[in-house]
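Undergrad: Here are the chains, one letter per residue:
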Amino acid sequence: MSTLSLTSAFGLLLKRDLTLAYRRRAELVNPLLFFVLVTAMFPLGIGNDPVLIEKVGPGVVWVAALLSALLSLDAMFRSDYEDGSLEQFMLSAHPVSILVLAKVLAHWMVTGLPLFIAAPLLATMLHIPGNAIPTLMLTLVLGTPVLSLIGSVGVALTVGLRRGGVLLSLLVLPLFVPVLIFATDAVHTAGVGIPTTAQISILSAMLVGSLVLAPPATAASLRISLS
Amino acid sequence: MREFFAMGGYAAYVWPSYALALIILIGNIIAPMQQRKKIVSDIARKIRRARNEQK
Amino acid sequence: MNVFMRWFHKMGSPRYFYTVAGKMIPWFMTSFVILLLFGLYYGLIMAPPDYQQGESYRIIYIHVPAAWMSMFIYVVMAVSGLISLVWRIKMTEIFVISSATVGASFTFLALVTGSLWGKPMWGTWWVWDARLTSELILFFLYLGIIALHSAIEDKRVAARAISILALVGVVNIPIIHYSVEWWNTLHQPATITKFDKPSMDISMLIPLLLMALSFKLYYGAVVLMRARAELLERDRNTRWVQELIEGDAK
Numbered sequence: 001m002s003t004l005s006l007t008s009a010f011g012l013l014l015k016r017d018l019t020l021a022y023r024r025r026a027e028l029v030n031p032l033l034f035f036v037l038v039t040a041m042f043p044l045g046i047g048n049d050p051v052l053i054e055k056v057g058p059g060v061v062w063v064a065a066l067l068s069a070l071l072s073l074d075a076m077f078r079s080d081y082e083d084g085s086l087e088q089f090m091l092s093a094h095p096v097s098i099l100v101l102a103k104v105l106a107h108w109m110v111t112g113l114p115l116f117i118a119a120p121l122l123a124t125m126l127h128i129p130g131n132a133i134p135t136l137m138l139t140l141v142l143g144t145p146v147l148s149l150i151g152s153v154g155v156a157l158t159v160g161l162r163r164g165g166v167l168l169s170l171l172v173l174p175l176f177v178p179v180l181i182f183a184t185d186a187v188h189t190a191g192v193g194i195p196t197t198a199q200i201s202i203l204s205a206m207l208v209g210s211l212v213l214a215p216p217a218t219a220a221s222l223r224i225s226l227s
Numbered sequence: 228m229r230e231f232f233a234m235g236g237y238a239a240y241v242w243p244s245y246a247l248a249l250i251i252l253i254g255n256i257i258a259p260m261q262q263r264k265k266i267v268s269d270i271a272r273k274i275r276r277a278r279n280e281q282k
Numbered sequence: 283m284n285v286f287m288r289w290f291h292k293m294g295s296p297r298y299f300y301t302v303a304g305k306m307i308p309w310f311m312t313s314f315v316i317l318l319l320f321g322l323y324y325g326l327i328m329a330p331p332d333y334q335q336g337e338s339y340r341i342i343y344i345h346v347p348a349a350w351m352s353m354f355i356y357v358v359m360a361v362s363g364l365i366s367l368v369w370r371i372k373m374t375e376i377f378v379i380s381s382a383t384v385g386a387s388f389t390f391l392a393l394v395t396g397s398l399w400g401k402p403m404w405g406t407w408w409v410w411d412a413r414l415t416s417e418l419i420l421f422f423l424y425l426g427i428i429a430l431h432s433a434i435e436d437k438r439v440a441a442r443a444i445s446i447l448a449l450v451g452v453v454n455i456p457i458i459h460y461s462v463e464w465w466n467t468l469h470q471p472a473t474i475t476k477f478d479k480p481s482m483d484i485s486m487l488i489p490l491l492l493m494a495l496s497f498k499l500y501y502g503a504v505v506l507m508r509a510r511a512e513l514l515e516r517d518r519n520t521r522w523v524q525e526l527i528e529g530d531a532k
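Chains as they are written, first to last, in this note's numbering: chain A, 1 to 227; chain B, 228 to 282; chain C, 283 to 532.
Mixed in with the good hints, there may be bad ones.
With a Cα cut of at most 16 Å, we get these calculated EDC-like pairs of lysine to aspartate or glutamate [as the list claims (entries may be wrong)]:
| # | chain 1 | residue 1 | chain 2 | residue 2 |
| --- | --- | --- | --- | --- |
| 1 | A | Lys15 | A | Asp80 |
| 2 | B | Lys265 | C | Glu515 |
| 3 | B | Lys265 | C | Asp517 |
| 4 | C | Lys401 | C | Asp411 |
| 5 | C | Lys372 | C | Glu515 |
| 6 | B | Lys264 | C | Asp530 |
| 7 | B | Lys264 | C | Glu515 |
| 8 | B | Lys264 | C | Glu528 |
| 9 | B | Lys273 | C | Glu515 |
| 10 | B | Lys265 | C | Asp530 |
Simulated from the structure, these hints should not be mistaken for laboratory data.
Since the model is a prediction, treat every value here as computed from it, not as a measurement.
Put together the whole structure using the sequences plus the hints.
TA: In structure tokens form, the structure reads like this:
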């Protein structure tokens with residue numbers, strides 16, 4: 001009887017999730033569309049004052065990213081929970097936190113990573129200065145995985161609940177706030193030409209920290225939710 | 228005495244603070260008391276009902 | 283050490299905890315009331331007005347102890363959660379939810395009294411600086427814990443779920459504490475540290491410490507009261523509870 005190595009298990013799970021997502025690829029574009037639409041709402045609502053729009057630009061993009069992440073989080077474990085495969089993962093011989101990492105990575109690649117593609121378009125809509133656009137894209141690439149990782153803990157805690165959606169927002173948004181604060185600060189700072197090493201370092205630290213700490217917490221939460 | 232209540236003109240800020248503190252302190256004492264009473268009476272009622280059914 | 287370990291072990295037994303806690307609560311309550319009265323007397327009547335802020339500074343005797351409690355209770359809650367997850371002790375599981383409401387209440391009190399103090403002093407009810415924002419986040423964390431606990435029907439599962447949630451949020455506590463050092467904030471920096479001489483006059487410091495201690499005793503009383511109620515609820519079908527209730531009914 002052959003046993004799977006941990007790397008193969010990780011790779012297999014990642015490929016499985018990506019394949020499943022690809023089969024519903026019409027739905028893949030929804031978080032991205034939501035992101036763009038919500039961002040577009042703000043200038044329409046605030047009025048056509050370019051100075052004001054430029055001031056709130058980075059914040060608006062990032063709040064939209066937060067909301068988009070929140071909306072797509074539920075899908076992380078939902079279908080696996082409903083058809084019972086989640087329980088099977090928990091029974092596996094491999095450490096659940098690594099399997100969780102594979103699922104979170106797949107989820108981020110499908111819902112979070114595409115957001116940074118939209119960044120130049122959004123920057124134009126919100127009059128974000130050109131020299132801040134690379135920073136905006138960098139904060140999105142660094143920050144959205146943190147959202148997926150921290151969010152995975154919240155999803156794991158609420159996956160068994162019937163109306164877990166709103167509760168998920170309440171649990172997870174307070175934990176998102178530091179990412180929001182440092183990411184928008186980075187973009188503002190870059191816009192005026194000051195180096196952003198401090199903010200990017202802190203965002204990177206958050207990424208590394210959540211990479212290490214979130215999967216075990218999610219694994220423990222899954223164990224509790226499924227008990 | 229009047230000076231004490233006036234709090235140097237800041238009465239509108241100081242006294243509501245202390246009042247809110249009092250409300251919160253009392254509330255957090257009453258809530259568990261009521262919770263416990265309710266649970267005890269619930270359980271007592273179930274015991275009585277079970278005892279009546281046995282008769 | 284042996285005596286302590288035995289006592290700790292016994293406290294894990296629900297029936298023993300219920301009785302002992304019931305006896306401890308009156309002691310906590312009376313000492314809380316005594317210290318509260320002393321603190322209020324020294325704070326409201328004996329302490330002189332501040333040369334800069336006049337009488338409005340007296341809000342400090344509510345605001346600062348409440349803020350300290352909001353953080354202290356969260357840490358106690360997170361530690362209980364950690365112990366309950368690692369060692370699966372029922373009583374520590376119960377302590378997590380028993381602390382949540384009173385912790386949220388103190389956070390709310392700190393936020394509101396802070397606003398009431400900020401309006402005459404800084405001219406604004408609220409400002410989004412690091413300390414106020416992180417304290418507000420703490421309030422939401424407490425609410426999340428309460429909400430998650432009530433959303434899960436099986437209370438044993440609920441207790442373990444909120445233990446994880448409490449642990450995840452504990453990173454906020456050092457942020458609150460050090461926020462006034464790491465950022466330029468409107469909120470004033472710490473005046474009381476463990477090692478330095480405090481920059482507050484002793485006649486103002488004493489009532490502050492009295493109030494802080496009295497709030498801690500209050501928390502001791504209230505958390506035990508709620509823990510007893512939660513324990514009855516969770517163990518309602520066990521024999522010791524049935525015997526206890528029947529004994530009371532006679």
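Undergrad: Which hint numbers doesn't this structure obey?
TA: Going through the list in order, the structure violates no hint and respects every one.
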